[in-house]
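Undergrad: Residues per chain are reported as follows:
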Amino acid sequence: AQTVTQSQPEMSVQEAETVTLSCTYDTSESDYYLFWYKQPPSRQMILVIRQEAYKQQNATENRFSVNFQKAAKSFSLKISDSQLGDAAMYFCAYRLYTGTASKLTFGTGTRLQVTL
Amino acid sequence: GAVVSQHPSWVICKSGTSVKIECRSLDFQATTMFWYRQFPKQSLMLMATSNEGSKATYEQGVEKDKFLINHASLTLSTLTVTSAHPEDSSFYICSAPPTSGSSYNEQFFGPGTRLTVL
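First to last, the protein sequences are chains A and B. Residue 203 in my numbering sits at position 108 of the first sequence, with consecutive numbering throughout. Residue 74 in my numbering sits at position 55 of the second sequence, with consecutive numbering throughout.
Chain A extracted, bound-state conformation (with noise of 0.2 Å):
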C-alpha cells in the first residue's frame, strides 16, 4: 500500500520568506501523480501544484515549486516570497495513474503559520 508521510506537523515562515515543506511517499509503482493542496480555515481543499511521476522537470505555479526526487521519493514545496494568505494547513498527496476512479492517499499535513 502506499503511504505518504509529512514529518513536519508545523512550520512557521515570515511574510516575504521562504518556506519548505517536505513530504516522502511509498511505493512500488512507477507511474503516479504528486499532489500538494492547500486547506485554508474554510476547509475548502486547494489544488496548489502536480507533479506527474514521469516529467523530471519540476513543478512550478507562481510562488509555489516542488522539488522532486523520485530515486528518493521525496517531493518537498517551496513557497516564495510568503503572504498572509498562504496560511493554512497543507497536504501531501499520492495518486496512481491508472484514470479517474484511482484514489488520493493523503499526509497528515503540515500547518503553516505566517508571521508579519
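These are computed hints drawn from the structure, not numbers from a lab. Any given hint might turn out to be false.
Only pairs whose alpha carbons sit at most 25 Å apart, straight line, appear in this in silico SDA-like list of lysine to any residue [claimed, not checked]:
| no. | chain 1 | residue 1 | chain 2 | residue 2 |
| --- | --- | --- | --- | --- |
| 1 | A | Lys168 | B | Ser73 |
| 2 | B | Lys39 | A | Lys168 |
| 3 | B | Lys60 | A | Tyr120 |
| 4 | B | Lys60 | A | Leu142 |
| 5 | B | Lys60 | A | Val209 |
| 6 | B | Lys60 | A | Glu124 |
| 7 | B | Lys60 | A | Gln97 |
| 8 | A | Lys165 | A | Val209 |
| 9 | B | Lys83 | B | Ser73 |
| 10 | A | Lys165 | A | Ser137 |
Got chain A sorted already, so can you dock chain B onto it with the hints?
TA: What follows is chain B alone, placed relative to chain A:
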C-alpha cells in the same frame, strides 16, 4: 474551473437518526466520486469510492451498512449516515474527477459538510 457542491454545509441531528449528504458536480460529469471524513486537526481519510450505476467500494474498516452511498447519476452522489451517533460527528468531504476533458487528471473537492450528532 470545475465546481463541486455539497448540501447541506452543516447539519445537527439527534443520535439514532439518519442524515443524507449530497455531492454534486455542477459543470461536469463524474462516473466516480470519493467520500472522505476529516476529524479536527487530522488529515482526510477516504471512506469510500462511489461508482455511478454500481455499488460503492468501501475502505477497510468503514461500515457499509452505516454509511450508505448512492451514485444515481453522473452528477450526483449521496452519503447517508444511518443511525448516527456522536462518534460520527465529523467533517465529510466529497471529491470528483471529471470523466473527460482537460481536467480529467484532477479531483475537485466539495466545500464539505459538518455533521454534529447530539
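Undergrad: Tell me if the straight-line CA distance from Lys168 of chain A to Ser73 of chain B falls inside 25 Å.
TA: violated (35 Å)
Undergrad: So if I understand the rule, the pair passes when the alpha-carbon distance is 25 Å or less; does Lys39 of chain B with Lys168 of chain A pass?
TA: Distance ~40 Å between Lys39 of chain B and Lys168 of chain A Cα, so the pair is violated.
Undergrad: Between Lys60 of chain B and Val209 of chain A, does the CA-CA distance stay at or below 25 Å?
TA: Within the cut-off at roughly 18 Å; holds.
Undergrad: Mind checking the alpha carbons of Lys60 of chain B and Glu124 of chain A for me, to see if they're no more than 25 Å apart?
TA: violated (30 Å)
Undergrad: Would you mind confirming whether the straight-line C-alpha gap from Lys60 of chain B to Leu142 of chain A stays at or under 25 Å?
TA: holds (19 Å)
Undergrad: What's the verdict on Lys83 of chain B and Ser73 of chain B, does the C-alpha distance respect the 25 Å limit or exceed it?
TA: holds (14 Å)
Undergrad: Holds or violated: are the alpha carbons of Lys60 of chain B and Tyr120 of chain A at most 25 Å from each other?
TA: Answer holds: Lys60 of chain B to Tyr120 of chain A is near 21 Å, not above 25 Å.
Undergrad: Does Lys60 of chain B pair with Gln97 of chain A here, judged by a C-alpha cut-off of 25 Å?
TA: holds (22 Å)
Undergrad: Is Lys165 of chain A within 25 Å of Ser137 of chain A, Cα to Cα?
TA: violated (33 Å)
Undergrad: Hint check: Lys165 of chain A vs Val209 of chain A, CA-CA at most 25 Å. Holds or violated?
TA: violated (29 Å)
Going down the numbered hints, you'll see the structure goes against 1, 2, 6, 8, 10, while the others check out.
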